[in-house]
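Build out the structure end to end from the sequences listed, making use of the hints.
Chains as they are written, first to last, in this note's numbering: chain A, 1 to 113; chain B, 1 to 111.
Simulated from the structure, these hints should not be mistaken for lab results.
All the given hints hold, so there is nothing to weed out.
No farther apart than 30 Å at their CA atoms in a straight line, the calculated lysine-lysine pairs in the DSS-like style are these:
#, chain 1, residue 1, chain 2, residue 2
1, A, K11, B, K42
2, A, K57, B, K2
3, A, K15, B, K42
4, B, K98, A, K11
5, B, K42, A, K17
6, B, K98, A, K57
7, B, K42, A, K57
8, B, K45, A, K11
9, A, K11, A, K57
10, A, K57, B, K45
Chain B regions said to be covered by chain A (calculated; three or more residues, Cβ under 8 Å):
#, stretch
11, 27 to 38
12, 41 to 48
13, 101 to 107
Quick caveat, the model's predicted, so the values are computed rather than measured.
Cβ atoms here follow ideal geometry from the backbone N, Cα and C, with glycine treated the same way.
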Amino acid sequence: GAGVSQSPSNKVTEKGKDVELRCDPISGHTALYWYRQSLGQGLEFLIYFQGNSAPDKSGLPSDRFSAERTGGSVSTLTIQRTQQEDSAVYLCASSPIPTDTQYFGPGTRLTVL
Amino acid sequence: RKEVEQDPGPFNVPEGATVAFNCTYSNSASQSFFWYRQDCRKEPKLLMSVYSSGNEDGRFTAQLNRASQYISLLIRDSKLSDSATYLCVVLPGGGYNKLIFGAGTRLAVHP
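Set out below in structure tokens:
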């Protein structure tokens, strides 16, 4: 079946612009996660959605970052007033239940010039 | 102290070698454990879950030592295609439903 998809695959933007990254989780998966990974670094947790519960935003690095998950499915991660240090690969993952295996999308490579 | 710690490597081994990675975790109440594999410029993918009694999948063996709070991954008869970063992943439990990823151990298998 279809896996987790993300769009765009690559995004180049200028410093100060806003960007939106999209994640389509596997159908039926209730848990959705956003991570980012800088070159050569480990995964940095950003935000976690579980069903209709309030999201866990504890990993968002600043108030320029926000995320939504509409209808318990698609999620968008928005970065306002992008900075060069925001350049990274942004990975989305979903799982059937929070304690289960996470399935990752291919990521969006964001480059802020 | 990080919640999940791994030796970053790289481990450079010849084809056919046996190599082992360890990973330590800080929360003694952790419930579930996994090894993920991440190829260069690709997303992480589940390699195997780690069960209390230890488990094997072909050339890969995973072990859990709860007393010492570490998990291990053993790869026998290394192949060139095993070259990747191996991520240790822990579910802390106690109602904390987020997987915690280690920074990864890089393996390079050479001819």
